[in-house]
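Student: Sequence:
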Amino acid sequence: MTITNLAELLSESHSDYVIYDLGRRVQAIQADTFKAICAQQRPYPYPLQDHAWFAVVFWPQLKAEQPEPFLWFLKIPLDERGLLNQAAQQDFMTHVIALLGQQITGALNAEQEQQLQQSAYLFTPSEAKRAALHAQLTQQWQKAPSRYFAAAQQELHSPTNDGWQQLGIQGIHDVAVRLAANPKTTQAIAQHFTSYPESLQNALAEALEHTTPPSELMQPLLSALTSEHAATRVNALRALAGFASDPAVEEQLRVLLPSANMDELVIITARLWPALQGQLMLPYLLRVAELDNPALFAGVVRDILRVPDTRIHALGLVQRNDLPVALYQAWQQFMGKTA
Numbered sequence: 013m014t015i016t017n018l019a020e021l022l023s024e025s026h027s028d029y030v031i032y033d034l035g036r037r038v039q040a041i042q043a044d045t046f047k048a049i050c051a052q053q054r055p056y057p058y059p060l061q062d063h064a065w066f067a068v069v070f071w072p073q074l075k076a077e078q079p080e081p082f083l084w085f086l087k088i089p090l091d092e093r094g095l096l097n098q099a100a101q102q103d104f105m106t107h108v109i110a111l112l113g114q115q116i117t118g119a120l121n122a123e124q125e126q127q128l129q130q131s132a133y134l135f136t137p138s139e140a141k142r143a144a145l146h147a148q149l150t151q152q153w154q155k156a157p158s159r160y161f162a163a164a165q166q167e168l169h170s171p172t173n174d175g176w177q178q179l180g181i182q183g184i185h186d187v188a189v190r191l192a193a194n195p196k197t198t199q200a201i202a203q204h205f206t207s208y209p210e211s212l213q214n215a216l217a218e219a220l221e222h223t224t225p226p227s228e229l230m231q232p233l234l235s236a237l238t239s240e241h242a243a244t245r246v247n248a249l250r251a252l253a254g255f256a257s258d259p260a261v262e263e264q265l266r267v268l269l270p271s272a273n274m275d276e277l278v279i280i281t282a283r284l285w286p287a288l289q290g291q292l293m294l295p296y297l298l299r300v301a302e303l304d305n306p307a308l309f310a311g312v313v314r315d316i317l318r319v320p321d322t323r324i325h326a327l328g329l330v331q332r333n334d335l336p337v338a339l340y341q342a343w344q345q346f347m348g349k350t351a
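When the count follows our numbering, it moves up by one through the sequence shown with no breaks and lands on 351 for the last residue.
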């Protein structure tokens, strides 16, 4: 059999695997979806900067116990249709097969490891995204959390002035993915979120944005969007990412948008893009246009047009003949520069 894409390589090497997007939120991509993506039958759902950024976690099939998995962090360019670039897939696979053959779960020696890491298609995710991935995998595989879990949980229950400085970031992510099984911790976060020290709040928001927290957290986080502190509002937006499709989130974003600042607008398109798949697209793009920052408008629009779920809504909107003047002018300026 001729191997034509990454999904086929994994299958032919007799590997079990899971795929996680790492570009936007750390979230699983179902196997059937990944196969269709690799076969160019559907666009990559979570593009970032014209690339697909994802983790391939794989291990040999038919093992009595799941061994330590292998990890590839891949950054594959997308074509103008948002499809995974076929030549890039072939280039990476050629490199891998030249090193390992089709038994990609074989042990690497030091020289092979060094040569593999030289691939232009591998990247190193941020520490937070590596922690989020590790937390989700251990939770999915019912493994114990890291040794930092208990201290992080204690600090979230009873925050101190400087205790957060001793926390391991992995512990916060481990707590975040296990909130459904720890209702008291969920209650503590709901109570203390807006009063946590800023660095602890930042780290917690960065962990929560890769999860779908218990529903009990949604209302306290929505209330935090009215905070007078800009950093708290941004962190609340990030923490709400898992609720982005909820009508209550759309309603509160509609209240926030008329006064939203640049950081808040960027977070909305980067983490809460599902909320823009409807009536919220107009007030969102209007607010971006009102800031009179052509670079911001261009960046946001390019991002929205790349994401399959928001592209159709944006294109339908800008074809209207009753656009607000500020949005119409910003769009015309954007089109003039991209023509």
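Keep in mind the hints are simulated off the structure, nothing from the lab.
Hints may be right or wrong, so weigh each one.
Each pair of labels, with its calculated beta carbon distance range [said to hold, decoys possible]: (1) 74 to 320: 18 to 26 Å; (2) 227 to 89: 36 to 44 Å; (3) 156 to 231: 26 to 34 Å; (4) 42 to 174: 36 to 44 Å; (5) 194 to 344: 36 to 44 Å; (6) 113 to 155: 41 to 49 Å; (7) 291 to 128: 42 to 50 Å; (8) 127 to 14: 20 to 28 Å; (9) 303 to 14: 49 to 57 Å.
Glycine residues also receive a C-beta, built at the ideal position from the N, C-alpha and C atoms.
Student: All hints, please: hold or fail.
Tutor: Structure-based check of all given hints:
1. 74 to 320: 18 to 26 Å: The hinted range 18 to 26 Å is violated for residue 74 and residue 320, with Cβ atoms some 36 Å apart.
2. 227 to 89: 36 to 44 Å: 38 Å, holds
3. 156 to 231: 26 to 34 Å: 32 Å, holds
4. 42 to 174: 36 to 44 Å: Cβ of residue 42 to Cβ of residue 174: about 43 Å, so the range 36 to 44 Å holds.
5. 194 to 344: 36 to 44 Å: 52 Å, violated
6. 113 to 155: 41 to 49 Å: Since the Cβ atoms of residue 113 and residue 155 sit about 30 Å apart, the hinted range of 41 to 49 Å is violated.
7. 291 to 128: 42 to 50 Å: Given about 47 Å between the Cβ atoms, the range holds.
8. 127 to 14: 20 to 28 Å: 24 Å, holds
9. 303 to 14: 49 to 57 Å: Holds, since residue 303 and residue 14 (Cβ atoms, about 51 Å apart) stay within the stated range.
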